[in-house]
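Asker: With these hints in hand, go ahead and build the complete structure from the sequences.
Residue numbers (the working numbering), protein chains in the order written: chain A, 18 to 439; chain B, 18 to 439.
There could be a bad hint or two in this list.
Identical copies carry no separate label here, and so any pair may be met within one copy or between two of them.
[Stated by the list, open to error] Here are the computed lysine-lysine pairs in the DSS-like style, where the Cα-Cα straight-line distance is at most 25 Å:
| # | residue 1 | residue 2 |
| --- | --- | --- |
| 1 | 213 | 203 |
| 2 | 26 | 367 |
| 3 | 26 | 431 |
| 4 | 269 | 213 |
| 5 | 424 | 67 |
| 6 | 19 | 367 |
| 7 | 272 | 211 |
| 8 | 26 | 424 |
| 9 | 272 | 424 |
| 10 | 26 | 67 |
| 11 | 211 | 177 |
Since the hints were made in silico from the structure, they are not lab data.
If you're wondering where the values come from, they're calculated on a predicted model, not measured in any experiment.
2 protein chains.
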Amino acid sequence: MKLRLYNAKILSMENMQITEGELWTDGDRISYVGSPKQTEESFDREIDIKGNLLMPSFKNCHTHSAMTFLRSYADDLPLQEWLFQKVFPQEAKLNGDRIYKFTRLAILEYLTSGVTSVFDMYFYADDYARACIDSGFRSVMCGGVCGDDKASDLEDRFVKFNKLHPLISYRLGMHSEYLSPLPLIKNVAALAEKYKAPVYMHNSETKREVAECVERYGTTPTEVLYDNGIFEYGGGGFHCNYLSDRDFEIFKEKKLWAVTNPSSNLKLSSGIAPISRMLSENINIAIGTDGAASNNCLDMFREMFLVTALQKYATEDAAACPAEDVLKMAASAGAHAMGLSDLDDLREGKIADIIEIDLNMPNMQPLHNIPKNIVYSGSKSNVKMTICAGRVLYREGEFFVGESAEKIYEDANKAVKELLSE
Amino acid sequence: MKLRLYNAKILSMENMQITEGELWTDGDRISYVGSPKQTEESFDREIDIKGNLLMPSFKNCHTHSAMTFLRSYADDLPLQEWLFQKVFPQEAKLNGDRIYKFTRLAILEYLTSGVTSVFDMYFYADDYARACIDSGFRSVMCGGVCGDDKASDLEDRFVKFNKLHPLISYRLGMHSEYLSPLPLIKNVAALAEKYKAPVYMHNSETKREVAECVERYGTTPTEVLYDNGIFEYGGGGFHCNYLSDRDFEIFKEKKLWAVTNPSSNLKLSSGIAPISRMLSENINIAIGTDGAASNNCLDMFREMFLVTALQKYATEDAAACPAEDVLKMAASAGAHAMGLSDLDDLREGKIADIIEIDLNMPNMQPLHNIPKNIVYSGSKSNVKMTICAGRVLYREGEFFVGESAEKIYEDANKAVKELLSE
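Answerer: Shown next, in the form of structure tokens:
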């Protein structure tokens, strides 16, 4: 499939400059970005962008996609009650078929928010991957071993899913320090060494998590993981709200990624990540939505606004965390966090994961500064088109994912009803 | 104009229950809400709601509409620099024609967010009112006298705009304690007494504002205003982030409205309002967006999510500030805050300010709990139709406001360019 997107504004993530021109794709790659030019080439589809903006898609760097099934099922409850009485008992009833259906639903939501790649940690890896592949959607899967899980199972999945399909890759990961016994941590570290691979996990999401780790080991989760060799080839943490000075040193030394999830952290009253300090110390930052049971939606615009607005609040400095930095986290840095280095900008040879932002809507007018408009005023209603791997998966409210949205809603609702009635 | 909206879910703000049925309008009023029924009546227009949700429109209880002209013009700056070097010098170049054009733009944005009534404080009242009337849009205008302004001018506007047009009303108001010399405060209090009318103003937005008032008068802004008789017939404050125990007593005694503006307060690093305490002490609460120069968009969904999420964060209680309370603030209480008591619910005889929420979108699925879905997961992309005073002003991305959106964008951009180049 060859696409020609013409009459566009094109945002460069390198310098945040906007040029007018066109963008061509060939298969899953970008074949040309620049001024309009004469060509003998024939395209399968030519789309008039009508002066709207093309930019790289958003990368959602922490989520549990299939948790859509618990959206608005149990809100406004104390954290422990929410988790132990509402979430865990229902999660125990999941199966592969249900994971498939709830993931299909999540993918529709990602597409409306301009997301083409998610870093997902959840259960039933085969069914999850199938939901992505069937939708034409990209995912980096993140290991989530914990408790009695075996590192060898993690290794099997790592090997299997890294050669399964061009849209799928897999990274070593564990749920968290607090759910992983020390032998498991050491075994995952051995895998990191064997494959020279980065490792990811939930890290320092709540004060209590850190305090309990300090009680257990005398040090923070980041230090425990570091001391046991988990970060020898990099990796990162999800949430990262409570990092010590030493943790900051480790993040810098190992070039770890801090993936921030501000709306989930507010809604579950976990805290505000020290993003301004991370920026000033050149820590790598990416953004995720977390799962829809927590926050309750998969909307990168909400997350982007909160990343900066919460820093302005927390540091009492309205100049903190400029919009351009946030946009880079969401559209460019996030790609590197997941190991998708060819998805970080719109340039010849890069992967064609592209979104069209509708500028002809009231919240984008007047056009003083488009990047700031996107971060401060943008909403998913501005996402006019989402292209993943050179294929249009969403345009003007319609989905092209191999199944109708109505059927996906129906399947998800039916599966939820059955699950809850068991 | 008589409308029949059928095949709908209808949300009652009284008990948050949803019934299936239809809603009829006659002129600007609701003439029937209930089960489908046979009728001889003929309608001008019948709309199939296809199982989506009808609910009362949102009321934006604090805004400066025409400030759309500064959206994304000066962000990521320290507060004082933003205000004194960027905002004030440009505001000084406003005139009636520009206010008209920038307000027309704001109204489009309100409609996409399901807002049909705004409580607006800004300049050039005639041109502002004309923009609303020409758009078919409702506004309660709020006096904003300060400095050398005369209370008699406020009185003139109060009298004039309260009989101008059914879509327009006017409430006594002053900018704030900090911009109002004591004689002006006393003169406004005399008007409140004369007309037995409530008075509104910015109040206790920043710590600094309160500290400077205490330095000036020995008491808080709320106390200074109360002691001078401003609140004899009620009224309210915008922002209300820093209220003392005594201020809480005054708000209770005088049944004042606290209008909260969470995204503006984050972005300008002003603080978080004590909404949970207000709820527990039965203080009247409504929600506003503030102007687009501050936050930077006019989106009630963002505000609703933040009202609750920030309380969960600030009180370290994930159960704080339930979604249903927030939805009532936005759609029902807000009407009473502005004196629009006939706009608080969908019932026979009430004013027909109605929105349709599209439930057939991924962020609304599955349908566990629609009110929680709206607050926690909703976005302006879910607003399928906005009806003001019985007239459809927005539907499926199209505006019906007596002028094309393209022309309104063009006019606003041209006016901004001229203004900035002066």
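Asker: Look at each hint and say if it fits the structure.
Answerer: Cross-check of the supplied hints:
no.: 1; hint: 213 / 203; result: within (15 Å within a copy, 74 Å between copies)
no.: 2; hint: 26 / 367; result: within (18 Å within a copy, 46 Å between copies)
no.: 3; hint: 26 / 431; result: between (42 Å within a copy, 20 Å between copies)
no.: 4; hint: 269 / 213; result: within (18 Å within a copy, 64 Å between copies)
no.: 5; hint: 424 / 67; result: between (32 Å within a copy, 16 Å between copies)
no.: 6; hint: 19 / 367; result: within (14 Å within a copy, 55 Å between copies)
no.: 7; hint: 272 / 211; result: within (19 Å within a copy, 68 Å between copies)
no.: 8; hint: 26 / 424; result: between (35 Å within a copy, 21 Å between copies)
no.: 9; hint: 272 / 424; result: neither (43 Å within a copy, 50 Å between copies)
no.: 10; hint: 26 / 67; result: within (9 Å within a copy, 37 Å between copies)
no.: 11; hint: 211 / 177; result: within (16 Å within a copy, 80 Å between copies)
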